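Visitor: Read off the chains here:
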Amino acid sequence: MLRGGRDAYWRRRAKTVVERRAKAGTLYDKKTVDAVRKGLKQWEESLYGKAPETRDFQTASGIPLKPLYTPDDVRDADYSDQGYPGVYPFLRGVHSTMYRGRPWTMRMFSGFGTPEDTNQRLKLLLEHGETGLSVAFDMPTLYGYDADHQRAHGEVGRCGVNVSSLKDMEVIFDGIPLNKVSTSMTINAPATVLTCMYAGVARKQGAPLAKLRGTVQADMLKEYIAQKEWAYPPEAHLRLIKDLMVFCTKEMPLWNYISISGYHIREAGSSAVQELAFTLADGFGYVELGLEAGLKVEQFAPRLSFFFNSTMDFFEEIAKFRAARRIWATVLREKYGVKDKRSLLMRFHTQTSGASLTWQQPINNVVRTAIEALAAVLGGTQSLHTNSYDEAWALPTEQAVEVALRTQQIIAEETGLPNVIDPLGGSYYVEWLTEQMEEEAYKYFDRIESAGGLLKAIKTGYLQREIAENSYRLSRRIEEGKDSVVGVNKYAKQEKEPIDTLKIDFKSQRAQLRRLASVKRERNGEKVKEALAKMRKAFENEDANSIYPMMDAVVQYATLGEIMDVGRETWGLFKEPQIL
Amino acid sequence: MAKKSAAIQKKIRILVAKPGLDGHDRGVLVLARAFRDAGMEVIYSGLLPSPEQVAQMAIDEDVDVVALSLLNGAHMTAFPRVKKLIDRMGGKDIVVVGGGIIPEEDKPKLLKLGITGLYGPGSSFEEIVEHVRGRVRKERWKE
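First to last, the sequence lines map onto chains A and B. Residue numbering for the first sequence follows the working numbering, starting at 1 and increasing by one per position. Residue numbering for the second sequence follows the working numbering, starting at 1 and increasing by one per position.
Source of the hints: derived by calculation from the structure; they are not laboratory data. Hints may be right or wrong, so weigh each one.
[What the hints assert, rightly or not] Examples of chain B residues toward chain A, derived with CB under 8 Å:
1) 22
2) 23
3) 32
4) 47
5) 49
6) 50
7) 77
8) 103
For clarity, every value in this text was computed on a predicted model and none was experimentally measured. Beta carbons are placed, not taken as given, at the ideal position from N, Cα and C, and that holds for glycine.
All chains, please: the whole structure from these sequences, using the hints.
Guide: Below you can see the structure in the form of structure tokens.
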């Protein structure tokens with residue numbers, strides 16, 4: 001998948017999803033199905049047939065829909081393909097007890113202004129009953145530039161917290177015991193550096209690295225495909241991820257070092273089918289990378305987690321989550337020969353869709369987010385971030401974040417939804433749609449493989465163009481009124497800014513510049529130089545593991561920018577393919 | 001007069017750019033296609049150009065319009081900088097429009113600098129295209 005090849009597996013698999021439906025199943029006998037067909041025909045002719053169809057009924061991905069689903073649509077389903085929670089192929093959930101045992105982790109993404117501001121926000125969320133931390137970084141940090149870099153001007157602390165050196169991380173996690181919390185850091189290109197910094201803070205707190213629980217995103221494949229926050233060409237970033245996989249396997253065994261993300265692929269304008277297909281393809285790519293690093297799948301697969309989007313086509317989203325679990329387990333077992341159960345589980349985090357939030361009539365976004373959150377929970381997510389209603393305007397205010405967290409708490413504690421596992425399992429429509437999504441995903445895997453594998457598909461811009469085309473299709477549909485967005489192309493009204501939004505001033509930029517200057521003054525310049533030189537050697541040597549010398553550089557207070565510059569000098573920059 | 005009207009009717013050349021550290025290109029890519037569908041000649045800056053590079057591109061490509069988009073909150077630094085650089089390079093006649101997530105209180109400052117449009121999420125293509133056409137028409141009348 002990663003480097004391409006002539007693997008007929010995907011094509012064969014795409015066919016067997018169909019064939020599975022064509023073989024005799026165990027759920028319905030022929031007599032029952034025949035009776036249903038007869039009844040359905042009567043219903044269609046005598047009742048439904050009188051209702052004229054004025055719209056094209058389809059899912060958001062464009063899968064055409066019938067008015068009604070019956071046992072006929074899943075007539076050949078075999079129950080062994082559905083199974084039980086915690087049992088292969090995990091369609092019904094990864095844990096045997098699911099939310100009866102423990103509700104999903106309510107993990108709210110936050111980070112803004114100065115490290116001090118973020119430290120306060122994290123502590124506040126912990127007090128409010130949040131169970132996992134999640135940190136957002138600003139653009140200079142995401143691209144690996146220090147606060148004092150020319151490119152960083154005006155962007156420091158704007159859409160996340162700025163981290164220029166270990167010092168900033170020490171402030172962000174001040175008073176938060178890293179051996180007790182789990183922390184998710186949304187960071188990609190500089191993920192190795194931030195992991196080293198987190199470990200550096202933990203060391204100072206006296207927390208053993210082997211105990212650290214958390215996640216870095218480090219999913220560079222989706223950066224080239226969708227979010228486009230890269231520093232180096234793909235091969236260089238993949239090499240660093242490979243080093244991180246090996247390092248963590250030895251030193252930080254509880255650290256989830258790649259969060260394979262469909263979220264950004266979807267936000268960039270893909271369909272649910274594309275999100276499913278491209279994300280899982282990336283997942284298989286990382287499996288192949290781990291194998292290239294000399295690891296066994298069983299050593300690293302339990303540390304891979306996924307991150308999906310949940311947006312407004314309720315049932316398609318639920319089908320997507322269920323399909324994802326079944327594809328992952330099936331392919332890992334069939335194609336990569338994995339036997340260990342823990343390695344077959346697809347655990348995932350979900351975030352409601354930022355792109356679905358409207359700038360117009362922002363309070364409506366509370367409702368959208370609740371519906372999306374519900375789909376994620378019905379899809380069996382392990383953790384969830386709910387967006388705040390004001391995020392089409394700015395970073396969220398504390399009040400808006402509280403409503404978003406309360407939305408999850410209401411679903412978890414008032415609806416009774418966690419009482420029954422996978423409550424939509426067995427719905428004719430949901431099971432049928434789940435299979436449809438699977439089939440479409442396998443077809444895409446085959447297309448990517450035929451296009452020369454992921455790396456090639458990224459470099460030629462194939463995947464990027466697929467997304468851009470779908471995104472334009474969606475925008476056109478809204479523009480033409482084929483799809484409705486309440487408050488935007490329907491029920492719109494003239495309005496002024498009706499809500500209070502969070503304001504970020506330039507104070508945080510100035511504060512960061514001051515701290516960075518003092519870090520550079522106070523550190524041992526000779527030791528920094530020495531550490532960076534050692535790291536450069538490791539960068540230049542394919543066989544070395546670069547994380548150890550990177551850790552040494554970090555604890556000497558070499559800055560993020562200095563470390564990333566060594567990479568930029570070694571590997572150069574990435575030139576994006578023409579997409580338009 | 002006929003000559004002037006021909007000049008006004010000429011195909012619009014537009015540079016679409018995101019001048020900053022912001023890879024979220026869904027909006028610009030969609031807009032670029034919409035401008036193209038509306039009959040304009042579209043040049044896309046690619047990702048992560050500096051304000052200097054955007055201004056240089058505008059001059060080199062001899063465009064009528066520069067359409068800027070940012071979603072990362074840096075518009076108050078990047079937009080005025082691009083405009084200033086274009087003016088300085090002799091492109092005072094180039095129309096500069098902007099869009100993205102731009103708070104109400106920032107708008108007067110940008111408008112005063114001659115950066116107009118300032119469309120937010122959910123704006124229709126039609127509205128944006130008409131705005132661009134209107135500004136170009138006005139600019140061409142001046143000449």
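Visitor: Hint by hint, note whether the structure agrees.
Guide: So, going through the hints one by one against the coordinates:
no., hint, in the structure
1, 22, "holds, 6 Å"
2, 23, "holds, 3 Å"
3, 32, "holds, 6 Å"
4, 47, "holds, 6 Å"
5, 49, "violated, 11 Å"
6, 50, "holds, 7 Å"
7, 77, "holds, 3 Å"
8, 103, "holds, 7 Å"
The earlier numbered hint that this structure contradicts is number 5, and it is the only one.
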